[in-house]
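Visitor: Listed below, chain by chain, are the residues.
Number of protein chains: 2
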Amino acid sequence: MSEERKANEIFAEFKEHSIAEFFKKNRQMLGYAGVVRSLVTVVHEYITNSIDACEEAGILPDITIRVTQTGENKYSVYVRDNGPGIPKKFIGRALATILAGTKFHRYVQQRGQQGIGAAGCTLFAQTSTGKPVHAESATADGERYSCSVSIDTLRNKPVVTDFTDSSMAGTGLAVEAEFAQVKYENSDHGVYEYIKRTALANPHAQIAFTDPTGKEYTFMRAVDTVPEMPKPTKPHPMGVAVNDMLEFAHKSDSRKVSSFLIDTFARVTSGKVGELREATGEMLDKSPRGLTWADAEALVGAIKKAKWMAPDASVIRAIGAERIKLALKNILNPDFMHVVERKPQLFYGGVPFIVEAAVAYGGGAGRRVEDEYEGNVLRFANRVPLLFDSGSCAITVAARSVQWKRYGIDLDSQAVSVFVNVSSVYIPYSGVGKEAIAQEDEIVEEIKLALMDAARGVQHYIRGRQQMGAETSKYKTISRYAKQLSKDVSTLTGADQRDVEKRREELIAKHYPTASGKDGRGDGGDADGDGDGAEGGDADEEGEQEGQ
Amino acid sequence: MSEERKANEIFAEFKEHSIAEFFKKNRQMLGYAGVVRSLVTVVHEYITNSIDACEEAGILPDITIRVTQTGENKYSVYVRDNGPGIPKKFIGRALATILAGTKFHRYVQQRGQQGIGAAGCTLFAQTSTGKPVHAESATADGERYSCSVSIDTLRNKPVVTDFTDSSMAGTGLAVEAEFAQVKYENSDHGVYEYIKRTALANPHAQIAFTDPTGKEYTFMRAVDTVPEMPKPTKPHPMGVAVNDMLEFAHKSDSRKVSSFLIDTFARVTSGKVGELREATGEMLDKSPRGLTWADAEALVGAIKKAKWMAPDASVIRAIGAERIKLALKNILNPDFMHVVERKPQLFYGGVPFIVEAAVAYGGGAGRRVEDEYEGNVLRFANRVPLLFDSGSCAITVAARSVQWKRYGIDLDSQAVSVFVNVSSVYIPYSGVGKEAIAQEDEIVEEIKLALMDAARGVQHYIRGRQQMGAETSKYKTISRYAKQLSKDVSTLTGADQRDVEKRREELIAKHYPTASGKDGRGDGGDADGDGDGAEGGDADEEGEQEGQ
Chain A
1 MSEERKANEI FAEFKEHSIA EFFKKNRQML GYAGVVRSLV TVVHEYITNS IDACEEAGIL
61 PDITIRVTQT GENKYSVYVR DNGPGIPKKF IGRALATILA GTKFHRYVQQ RGQQGIGAAG
121 CTLFAQTSTG KPVHAESATA DGERYSCSVS IDTLRNKPVV TDFTDSSMAG TGLAVEAEFA
181 QVKYENSDHG VYEYIKRTAL ANPHAQIAFT DPTGKEYTFM RAVDTVPEMP KPTKPHPMGV
241 AVNDMLEFAH KSDSRKVSSF LIDTFARVTS GKVGELREAT GEMLDKSPRG LTWADAEALV
301 GAIKKAKWMA PDASVIRAIG AERIKLALKN ILNPDFMHVV ERKPQLFYGG VPFIVEAAVA
361 YGGGAGRRVE DEYEGNVLRF ANRVPLLFDS GSCAITVAAR SVQWKRYGID LDSQAVSVFV
421 NVSSVYIPYS GVGKEAIAQE DEIVEEIKLA LMDAARGVQH YIRGRQQMGA ETSKYKTISR
481 YAKQLSKDVS TLTGADQRDV EKRREELIAK HYPTASGKDG RGDGGDADGD GDGAEGGDAD
541 EEGEQEGQ
Chain B
1 MSEERKANEI FAEFKEHSIA EFFKKNRQML GYAGVVRSLV TVVHEYITNS IDACEEAGIL
61 PDITIRVTQT GENKYSVYVR DNGPGIPKKF IGRALATILA GTKFHRYVQQ RGQQGIGAAG
121 CTLFAQTSTG KPVHAESATA DGERYSCSVS IDTLRNKPVV TDFTDSSMAG TGLAVEAEFA
181 QVKYENSDHG VYEYIKRTAL ANPHAQIAFT DPTGKEYTFM RAVDTVPEMP KPTKPHPMGV
241 AVNDMLEFAH KSDSRKVSSF LIDTFARVTS GKVGELREAT GEMLDKSPRG LTWADAEALV
301 GAIKKAKWMA PDASVIRAIG AERIKLALKN ILNPDFMHVV ERKPQLFYGG VPFIVEAAVA
361 YGGGAGRRVE DEYEGNVLRF ANRVPLLFDS GSCAITVAAR SVQWKRYGID LDSQAVSVFV
421 NVSSVYIPYS GVGKEAIAQE DEIVEEIKLA LMDAARGVQH YIRGRQQMGA ETSKYKTISR
481 YAKQLSKDVS TLTGADQRDV EKRREELIAK HYPTASGKDG RGDGGDADGD GDGAEGGDAD
541 EEGEQEGQ
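Each protein sequence line maps, in turn, to chains A and B. Heads up: the first sequence at position 359 corresponds to 359 in my numbering, and the numbers run straight through without jumps. Heads up: the second sequence at position 135 corresponds to 135 in my numbering, and the numbers run straight through without jumps.
Identical chains blur together in the list; that is why a pair holds if it fits in one copy or across any two.
List time: in silico PhoX-like cross-link candidates among lysine-lysine, alpha-carbon distance up to 25 Å: (1) Lys231 <-> Lys15; (2) Lys305 <-> Lys183; (3) Lys215 <-> Lys196; (4) Lys25 <-> Lys304; (5) Lys251 <-> Lys25; (6) Lys483 <-> Lys502; (7) Lys251 <-> Lys304; (8) Lys15 <-> Lys157; (9) Lys256 <-> Lys307; (10) Lys15 <-> Lys89; (11) Lys157 <-> Lys25; (12) Lys474 <-> Lys405; (13) Lys234 <-> Lys25; (14) Lys251 <-> Lys131.
No lab work stands behind these hints, which were simulated from the structure alone. Nothing here was measured: the structure is a model prediction, and the numbers come from that model.
Only chain A is shown next, with the shape it has when bound in the complex (with noise of 0.2 Å):
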């Protein structure tokens, strides 16, 4: 047995850690895990970034990504945007601080939300390389420096060095890291994928991409204008905890706690605060600073038990079921899709989302491996791609429980591209890496609900497509028995071959119009064969919105 040891003895040893020693350690939790994936985790945050920064200043954003090697597993990478810039005071912190930013304590929707991204890749560079990040900047007051920031982990500081004037053009930021332990690969995890469904999420954005041989690629934009940014939100009174509660009343400035409710959520009008003092009394006239956990707590109750109009859904700003469609036309270019965009729905009893979806069939859809077709599901959160730890996200579990083979879909063997946002104020990510939307029972069914609108919507597309496969393969057996019978019937009979086999065509076109092109059309796998009158193979006609 051990000697004993006693609890003086231990706690000797008791440390408080910083948050940037802990993912120093522990940098696999924000998805610095594995060559590839450390590579498009850098690019990601970065990219993500940028284009925050220019919805935030009304910019539409042109952003231009080079990627070098600079050694085995080694590669710098370098992303400038034309954002507003970052004023020289605070470019140490909004890179190399984990947990500072501008945007946590917002209830806003934005893609980063954490204040983790940028000053991860700082962590990252400066432990797999020993390097600094470089930075570069211009704002629209005239600030123009360059300087190499890395983090002080043991308390969570920048360091900033080398402040120099720069003539950058314009607005905006660069940064160029290098950074060890990755690798470029063209994958389906891979940087490239990853920037090209950055386009697909963001059609307002034009990307340049420059990979490790030097090739460009330039994602050009489909849409001219700004989303407008999100406004920031008074919450909805369903969605707020006990202990949200209290805080917000706490810090409130009202003079009563009816007022505090008014002032503090959204829907709250003086007609609902009549509805709660049935149940929470007097109550509703102390003082806010002065509610208790038991007070707030009936408050809430009375709040369940309350019937709210729905959240507002200008609070959330999905890409929108234009833009998705064009966008899809000009990345992937299918032959047919439908595009889904939901309504507002809430998942904790009050944060809103909204759900759009799509499903894409035919041209660039799906992935060709080999000579074979297969399908594959395009994941994104607040237009972010979403490339890693697909089995436990929410997308994912809801395609699943899709029975696809129901709307002729076969997501093993076609050439099929599902899409879905989930855009919200909040997204509740299973991990800090941010790769996964947690299985909320509310997401998982409205994302299948908008995949099973989209499915139908190319449903009869797609049963017209395959009655046409099969229609044309039975014709053209046939026609090949044909044939040799045209020929013997002319050998035992002594009729004309000619006449026999003009016959005999016409027998069969009776019976496959359509793929013999009898029937005024071509035999280019039109999708007219399912009588629904639907104009089969035009993306634009069909592919009407629902659900609005």
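Use these hints to put chain B onto chain A, whose structure you have.
Guide: Frame of chain A, contents of chain B only:
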């Protein structure tokens, strides 16, 4: 288009946040997602801390757990241990500061390693019910007190109130806290199952549990010795990244890099330093405080090319095959099992880990679903049961990759439990909630090999059972027909029916000696039909260790 906003307007909102605020907002990342899982997370954190504290103090753990329902989806959790207790001046920081503790900075194998667990429970208690955690403790120095503990989340600092004297007997810590948005459930993902599995992987711990209905369970200890506390160890040079090397060097008191290497790392001898000198030259005579990134990179490069003795297995404390056998017998009492303890392996180039695996068959193994059985996989990391996120865990991935049917095992329909425990100084968890082991190739591969070993160990037994089952079934069918047949033969030929029956029995027995009981053994399902001479059914004899 939105109005343009300048950088200085945007950055006026810039703030820094505490890690406590972060996890308050993102508690699902700590495992507080879903009512059932949240309750398990609480129990898990407290038990883990208790067992670690006991082991660290060299005490045989004796733990009492009580879960009481206090309202709808509201429960109180009480956990008391006989550990060393917590000195009064540390109680606040131990229970209510995130990222504080004795474990984070040590290079030693323990269950907890993050300094988040207990403080996470405090955070969850206060945000879900508004109530502090009640703590009571006594140390060997005679400190005896109780108090209330909560977190000032804005600053991540403890708030300790209501200190009073206590008459607690012995040493130890008792915590009691109330949680809302939780639910007790008797399922594979519930508290009872968690505790049962904890007992399975910790046969030296005694655990008494009272469930919300008042039912009491006691998991008696199967082993009477405290596992020796793993000693903090020197890191193995193969596991050291460039930034770690640099950090170690800059903190070193050694005069030269050469002596620094010998002092700091395991397995570095002066002979080895001689080898390194050929690759790195004079750098080894520098002061370690003057080491540059380039130096450290060259040094790490030279280390990777040299041959090293594997890390000392003694730095890792696996459970041990004998203890696993006793625990499985004690808790599952299977008909048969095979336990494998493998040799230490490395991941990340130099972090040692040990995999233990077992396959248990029959008895209380597997899961009973109505009248059918199915297999289950019991996952453990440093003896801590992992109940959630199984899909993304290295253990699940490895278990799926084994072709069980080749060993006669069918996890879909047999009463089989597959047990895997991964022990390491550093477990690469995929998330802060520590519910899954990251899928590092070396770990997945090693688990697979361990499972194949374990499966081989039971295959003769299982094959025997199956053959036995098949033979018995054939014997019974033939006997059924034969009975009628002997009657008919007797009627037709006039021969004595008993004579015919006897001869027919002898005939059948000749073909099915075991099933008919004519080999001098019973029909009791013994597995000696496989011809390898193994005595099936005796777990102790057959379950020999491999790989030691």
